[in-house]
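Asks: Chains as they are written, first to last, in full-length UniProt numbering: chain A, 1 to 614; chain B, 1 to 614.
Be careful, since some hints might not be right.
You can't tell identical chains apart in this list, so a pair holds if it fits in one copy or across any two.
No more than 30 Å apart at the CA atoms, straight line, and that leaves these computed lysine-lysine pairs for DSS-like [what the hints assert, rightly or not]:
id, residue 1, residue 2
1, K506, K293
2, K99, K336
3, K322, K303
4, K506, K605
5, K65, K500
6, K415, K322
7, K261, K413
8, K501, K336
9, K322, K336
10, K580, K415
These aren't lab readings, by the way, just hints derived from the structure by calculation.
2 protein chains.
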Amino acid sequence: MASVMRATSGSATHDLTETPNARSVNSTAPSSPRIPPLRQNSGTQTPRVRPHATTLNIPGMTRSKVSPDGRIPQRDVAAKLVIVMVGLPARGKSYITKKLQRYLSWQQHESRIFNVGNRRRIATGRKASVHPKLAPEPACLDPPVEAAAILLNGLPRSNGSSAFAEPPGFDLNGRFDREEKRKAQEAEVHEEEEEDQSAQFFDPKNEKAAAMREQVAMDTLDELLDYLLDGGGSVGILDATNSTIARRQRIVDRVKEREPKLGILFIESICTDETLLEANMRLKLSGPDYRDKDPVKSLADFKARVEAYASAYEELGEYEEKRDFQYIQMIDVGRKLIQHRLTGFLSNGIATYLGSFNLSPRQIWITRHGQSVDNELGNLGGNSPLTERGHCYGQALHRFITMKRQEWLIEQKNKLAQASFPPVPGDNTPPYPDSNRELDEKNFCVWTSMLRRSVETAEYFDADDDYDVKNWEMLNELNTGQFEGMTYAEIAKKYPQEYKKRAADKLNYIYPGVGGEGYLQVISRLRDMVREIERITDHVLIVGHRSVCRVLMAYFMDLTREDITDMDVPLGMLYAIEPKPYGIAFHAYRYNEELSTFDELPNYKPQKAARGSV
Amino acid sequence: MASVMRATSGSATHDLTETPNARSVNSTAPSSPRIPPLRQNSGTQTPRVRPHATTLNIPGMTRSKVSPDGRIPQRDVAAKLVIVMVGLPARGKSYITKKLQRYLSWQQHESRIFNVGNRRRIATGRKASVHPKLAPEPACLDPPVEAAAILLNGLPRSNGSSAFAEPPGFDLNGRFDREEKRKAQEAEVHEEEEEDQSAQFFDPKNEKAAAMREQVAMDTLDELLDYLLDGGGSVGILDATNSTIARRQRIVDRVKEREPKLGILFIESICTDETLLEANMRLKLSGPDYRDKDPVKSLADFKARVEAYASAYEELGEYEEKRDFQYIQMIDVGRKLIQHRLTGFLSNGIATYLGSFNLSPRQIWITRHGQSVDNELGNLGGNSPLTERGHCYGQALHRFITMKRQEWLIEQKNKLAQASFPPVPGDNTPPYPDSNRELDEKNFCVWTSMLRRSVETAEYFDADDDYDVKNWEMLNELNTGQFEGMTYAEIAKKYPQEYKKRAADKLNYIYPGVGGEGYLQVISRLRDMVREIERITDHVLIVGHRSVCRVLMAYFMDLTREDITDMDVPLGMLYAIEPKPYGIAFHAYRYNEELSTFDELPNYKPQKAARGSV
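Whole structure, please, built from the sequences with the hints as guidance.
Replies: Here it is as structure tokens:
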């Protein structure tokens, strides 16, 4: 009987008549002896040839043989992605590329940008537009802003460059040094492929230069493929103009040569909006190349450069559709989005993310709630109300935010009034300004969790009609499962194993007990919030908790996994993040309890929390 | 001092110097007396004129003054949506419309379809293609399949028709009667606007008919607006060809006349793929109009009808873009998707959902785990392993599913071999068949939760290389917060208030204690899973828990809120859902423990659980 039951399932019906065992249905004894599961192949009894299903993996939230932790594993090449950027200069390609890489990394996908232009500069021996002290290694050369940051002994950015990583235990100071950042930003604006002083170099008719450009592009692609196939990468982004059908076809051919199962996704940025083009060009014209030059001549030169490309440029379209290539076309950075034949959960997630972009300037504020009763006692979790000191924090917060909101509005309007095109020397008008009316109508959202201490901190905003308060379950503090209500000291004493386990790997640690969470769960639940923040044009103040603040700041500031769990986010700190085309402007303020206000901490850099703290 | 502190926040700095109170920072006493929050307007001290922020609301997961429960409230017209369908006949418009309405309703948005064609039939006095016993009321006439279901005293469908609702307490029997459903499906295929025997009626040059069509369309739109503005609706879908720019502009004008704040979203379905068009036409030709006719002539007649429209058809495009109209264009039902100027979280969520469609035939199976130790004891929640009986269930499940999988494959291949176009009488080839190769390569995913009883139930699939098992946190059973581990009897005894509260409103009830959830949270967490199921082309078996099975079945079977929480989903039941262009094919099987197999329950309709049960 046992051997009959081992036969392929198609003959199952024969088995069942073998044991017509009448018994009470309430008995816990099975009717026939159960055979434990054997490794088998029910379909054909030959080794499986069909590729495994590639379905959604979410780190910490899904588990399978192929992906035990929800991350894209090294061997699952079918789930990996080669992203090929397409677009003329001044089309916002860099902007999109960086944001995308930051988002993917935040979602725990190993992702890196491979910029062809930088590699070409080295190949031609031209001076790279980066900080002079840095000698970039071609193998992991990333856009200048990252390079400059690394120079300052910062933590490894999510965008790779691990060759320069410092050992854990150091702090983040220096990483956001403003002066260096400014220089890096200037360098960055020249980050497009084949950026060069001479417009002739880009003339499509210049064959020698064309052959060299092609070689560098393919070499860069090979590095990208090495990263995916041997370097632990999940997503590689090839950042270049990739402006012709022929070039794109060669890329596809090369990828398929190396590994036919790899996914390929083209992402094109097209600008038809004149205002947007103007704003993009203004950004470029404020860089070092043009610093001491006549603005009018600079604009003409820049336009000539772009013209050299545009004449040979071929948009994604019929050619790619006939061959079922996956692609996303972003027009005017989010006004219109076209997606074609997207397969795989990564591509679909990317399309959703890209569809949420907008360029409206605004402020994003992040803080924890005011002091709660449990805070005073040192207890984890729970749902206690604020202390009187906590309520005072809320009041001070409301006053301060309102003042900063007014300041910002006045500043924006002044800049708008002064803007000129082409920019005169010293003009640093932010690109993409809203109109006056849009600025006046900008709402201010205050988002709290559903826990009392967070809701109560926002009570002054709630009473103020000029703010829109909303409570979000997804902003709740990380659920500590069966340790709810305990102090860390108690946990260390009663459950030393768990305590050690968490200290060893905070990012992946999950609190025991039904409902217990870890950072990966928090990241997963905040995906919708991050997309909503990207989508809206309003200001936002998040009144959160330690873990959610860490996770959100990690997203905006492109911090890696160790940064997330160790970032010092004490009560009373208030962080301001203002998205810019080249990155973010970051300010930190500390609560001054005596004076019921906040003092700016200039040159603040996110700190690692003291060793042994939470 | 108090009056100074009441002044607008801009003068806050003056207040602070009033009380230079030196004190220990560890004291819990605030430095100056806190003024409780007063209702105020920090901005201008005049009543607020700027519209409130309209940000993402998720029922059960967000809370704000405007939307206390996360649902779109009656008064928040800015968050409501008029969806205007656009597309020629045989373009899959109905398919998209129905799925979209089902998805929105499942997400707890009050949504309804307003079909112009049905209303026109009544206006012209033509025989409506519905069951003869039904005399439809124009005010809430919905597509025939719903009408037929109502006739059978079914529960109110999510698509309205509450005029026919039975009082609560009745069961769902009769609602899914197969014979009626089949008739309704046939009637449904003629559900497009202005479906008529005579192609001349649709001749754009026939002015009298045109004027009448216009009138009916505007009347239908008015009903839709009544529903949104006075009838508690959140989303109204205007289902018609809406094939000209002029018509669409009139729709926009009429909406703005009634309420300028309402959102308007155009959704267009375009077919360029000949195979797809053929499949669509086959579907129509298998309906009652053509039942006894010559297939070749029928096809010619149908094509003539469509031609009458096509000559005047104007796709969404430049006209709409110039005016910043929101729109989504679906090309070949998901192959390509274009979105333009989407604003508002509803529109963005809709685009993500529409982008996940595919028409590949496959089976979706849903069942609970096998018997667990806690099941035997009657305890809620927890994470206990299976009993031996539970393990037997898993084994039988694997055998049965494998057998059905083979059956399905053979059946599909036979149909493929027999297909002909135009269809001969009796040919009921499913439209959109995969090729033979695609059928062979179809994977079978088995998704469980992360709880032991669910993971263990899938052990036989896990050992079988022909299945892809994945564990999902989002499939975990609803978290019962502080009642974890208790029995219902214990809860009723120790917490009678909570017990009553839940019985009164199971859908909105949330278990107390940190981590406690309700059905709305379960719906929210399953959004990603539902989209992933829609996206993939593989078979899926969900090994879930009571609440998640209820919620998933509610999605596929378009059940309303009371249905969700009261549906009887006992251990040992196995449900099969096969998506079809007109709806779903539904089968139910019951575990036969003696014979270790499953018996089909013919004509099964989802039941309400017995009164007083969980």
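Asks: With reference to the structure, classify each hint as holding or not holding.
Replies: Each hint tested on the structure:
1. K506 to K293: Answer is neither; intra-copy 52 Å and inter-copy 70 Å both fail.
2. K99 to K336: both (18 Å within a copy, 24 Å between copies)
3. K322 to K303: So K322 and K303 pass the 30 Å test across copies only (26 Å; inside, 33 Å).
4. K506 to K605: within (22 Å within a copy, 48 Å between copies)
5. K65 to K500: within (27 Å within a copy, 44 Å between copies)
6. K415 to K322: Close across copies (28 Å), not inside one copy (48 Å); limit 30 Å.
7. K261 to K413: between (52 Å within a copy, 27 Å between copies)
8. K501 to K336: neither (47 Å within a copy, 47 Å between copies)
9. K322 to K336: Both, since 22 Å and 12 Å are each at most 30 Å.
10. K580 to K415: Classified as within; 15 Å inside a copy, 57 Å across copies.
Checked against the numbered hints above, the structure violates hints 1 and 8; every other hint is satisfied.
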